[in-house]
Amino acid sequence: MNITVKNLTRYYGPVLAVDNISFEVRHGEILGFLGPNGAGKTTTMKVITSYLAPNKGQILVGDIDVEESPDIARRHIGYLPENNPLYQDMFVVDFLRYMAQLADVPAEKISKRINEMIDVCGLQEVKHKRIAHLSKGYQQRVGLAQALIHDPEILILDEPTTGLDPRQIIEIRELIKQIGKEKTVLLSSHILAEVEATCDRVVIINKGKIIADGTSSDLRSQLFQGQHYRIQIANKKLDEVETRIKHLPNMINYKVIDPGQNILSLQGKTDTDFARDIFNFAVQEGWVLTLLSPEQTKLEDIFIQLTSEN
Amino acid sequence: MNKIMTIARKELNTFLDSLSGYIILVLFLGITGFFTWLSANNIIFIGQADLLPFFSVTFWTLFFFVPALTMRSFAEESHTGTMEILLTHPVSFTDVVLGKFMGDFLLILIALAFTLVYYITVALIGTIDHGATVSGYLGLIFISMAYVSIGIYASSLTRNQIIAFLIAIGIGIFFQFIFGILASVSSGALSGIFDFLSFNYHYQNFARGVIELKSVLYLLTITTLALSLSVLNLYSRRYK
Chain A
89 MNITVKNLTR
99 YYGPVLAVDN
109 ISFEVRHGEI
119 LGFLGPNGAG
129 KTTTMKVITS
139 YLAPNKGQIL
149 VGDIDVEESP
159 DIARRHIGYL
169 PENNPLYQDM
179 FVVDFLRYMA
189 QLADVPAEKI
199 SKRINEMIDV
209 CGLQEVKHKR
219 IAHLSKGYQQ
229 RVGLAQALIH
239 DPEILILDEP
249 TTGLDPRQII
259 EIRELIKQIG
269 KEKTVLLSSH
279 ILAEVEATCD
289 RVVIINKGKI
299 IADGTSSDLR
309 SQLFQGQHYR
319 IQIANKKLDE
329 VETRIKHLPN
339 MINYKVIDPG
349 QNILSLQGKT
359 DTDFARDIFN
369 FAVQEGWVLT
379 LLSPEQTKLE
389 DIFIQLTSEN
Chain B
336 MNKIMTIARK
346 ELNTFLDSLS
356 GYIILVLFLG
366 ITGFFTWLSA
376 NNIIFIGQAD
386 LLPFFSVTFW
396 TLFFFVPALT
406 MRSFAEESHT
416 GTMEILLTHP
426 VSFTDVVLGK
436 FMGDFLLILI
446 ALAFTLVYYI
456 TVALIGTIDH
466 GATVSGYLGL
476 IFISMAYVSI
486 GIYASSLTRN
496 QIIAFLIAIG
506 IGIFFQFIFG
516 ILASVSSGAL
526 SGIFDFLSFN
536 YHYQNFARGV
546 IELKSVLYLL
556 TITTLALSLS
566 VLNLYSRRYK
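In order, the protein sequence lines correspond to chains A and B. Convert by adding 88 to the 1-based position in the first sequence; the result is the number in this note's numbering. Convert by adding 335 to the 1-based position in the second sequence; the result is the number in this note's numbering.
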């Protein structure tokens, strides 16, 4: 079941939150919805889940128009809203039962589904506790269990790892990846590493508009051609290094990262032996090279570049 | 219907599972009990085996007590954000509103059921007018329905429970006595209209043992109106 967003526009009063965006999430795909805070991610998700009505445009869940038949569409959607709101004074099991009943899970299957969710989301130890007494990590799992209880084909997760510690973040990501194999997942985040680690494809949104759409390696090769290395020269002054470095073979450009430490970032041509060139050049110049490492997390730069351009 | 009962059960359990629910119940029984049995105009003082003091006190107690119960229904869900998980499930807005209504109304029925002890006690002391008691309770039930729906409407307007409480009281005060006062200071047809709008006018009939169709219809109309406005409010929230 695909999610199709067509020409969606949404205002909050006079403020334009989402400006005529279109994209598609395919079955078996985890799509990362990336953008700075206030870019329109949450609004888009609220419209997809039919919590908010669109001003213009259409949302299709499979062949179902969300505005025309919200009740049918909602049966196929599992939703984890931003900040994971839960009924704090309910017990985990009671809460999941309530959610299952609301989601039209047949009465005879409810207990079985609850047990499955407790297994999948690792809630065995806390199932008889009040939600208010759970740690944030466990609450997040309860939120996921709630979104999954009716075995929806579509999963909408609004910043699912906010406020978790690093270990919990990894656990939740693994869980999402595992679940995402058989479902259509739309996951929003303003954390790039998260999207890179979890998602098959990325849509970057800023000020209500889509500014990039593709796999993370697509985006990287589109916007950041070449190879990138970070170097540090220990025995020379920065201006000496800067006057000589222009003669480095195969280099496209360079950037000073840390003037005090003599750390530079070098961009080299694709399909060359650029690392070897750097090393040989340093030897030839008599530079003591104390750092030579490839730069990988380029999505961050793409993100900053794209979101600051507009 | 299923969904309405699911939501109603959850609402009721939330009350019965929390201290605040019991505090409100105890306060309700405490106040009605005190004025029925211990205050100056109590049942024993008037020397008749009837429940008129109880009915007049409970009428006033409900006016404060119902908004205290209903204030959380939507306001809390808006405040904590659970509204979003509730309304993105396959439930209609009508189901949600009716579910909340049923949950709160059932709690009031439970509270009223406890006061049957007063009735039994009085019935043991002397001969009581059973018919008037039944109609008095019916009056309380219809008044409660009207106040619960007004309270739920008030709660759907805001995310702050205190404000929801005050709005409900603010609307209720018209039915509780402003219309009554307006009736007494105006004359002719106008006075009649204000009298009809005031809950007290209808309630007095019930308490005396007179069940009038127009009273039942009036209170049910107020209930339906307030519940419909709540549903409408949930609709309009999608366009905000």
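The hints are simulated quantities; they were obtained by calculation from the structure and are not laboratory data. You may find that some hints are simply not true.
[What the hints assert, rightly or not] To give a feel for the contact side, a few chain A residues facing chain B, derived at Cβ under 7 angstroms:
#, residue
1, Leu-140
2, Ser-157
3, Leu-190
[As the list claims (entries may be wrong)] Some chain B residues judged to face chain A by a derived CB distance under 7 angstroms, without partners named:
#, residue
4, Thr-341
5, Leu-351
6, Thr-415
7, Gly-416
8, Thr-417
9, His-424
10, Ala-467
11, Arg-543
12, Ser-571
13, Tyr-574
All C-beta atoms, glycine included, are put in the ideal place defined by N, C-alpha and C.
Outcome of the hint check:
Hint on A:Leu-140 holds. Least Cβ distance to chain B is approximately 6 angstroms, under the 7 angstroms limit. With a least beta-carbon distance of about 10 angstroms to chain B, the hint placing A:Ser-157 at the interface is violated under the 7 angstroms criterion. Contact between A:Leu-190 and chain B, as hinted, is supported at the beta carbon level, the nearest pair being about 4 angstroms apart and thus within 7 angstroms. Of the supplied interface hints, the one on B:Thr-341 holds, with its beta-carbon coming within about 5 angstroms of a beta-carbon of chain A, less than 7 angstroms.
Hint status for B:Leu-351: violated, given a least beta-carbon distance of 11 angstroms to chain A, over 7 angstroms. A hinted interface residue such as B:Thr-415 counts as satisfied when its beta carbon comes closer than 7 angstroms to some beta carbon of chain A; here the least separation is about 5 angstroms, so the hint holds. Satisfaction of the interface hint for B:Gly-416 is found here, the shortest Cβ-Cβ separation to chain A being roughly 3 angstroms, below the 7 angstroms cut-off. Because the closest C-beta pair between B:Thr-417 and chain A is about 5 angstroms apart, less than 7 angstroms, the hint holds.
Nearest Cβ of chain A to the Cβ of B:His-424: about 4 angstroms, under the 7 angstroms cut. The hint holds. Hint status for B:Ala-467 relative to chain A: violated, with the closest Cβ pair at about 41 angstroms, above 7 angstroms. The beta carbon of B:Arg-543 is not positioned within 7 angstroms of any beta carbon in chain A (closest approach about 43 angstroms), and the interface hint is therefore violated. Residue-level restraint check for B:Ser-571 is violated (minimum Cβ-Cβ distance to chain A is 10 angstroms; threshold 7 angstroms).
Hint on B:Tyr-574 holds. Least Cβ distance to chain A is approximately 5 angstroms, under the 7 angstroms limit.
Consistency note: the structure conflicts with the earlier hints numbered 2, 5, 10, 11, 12.
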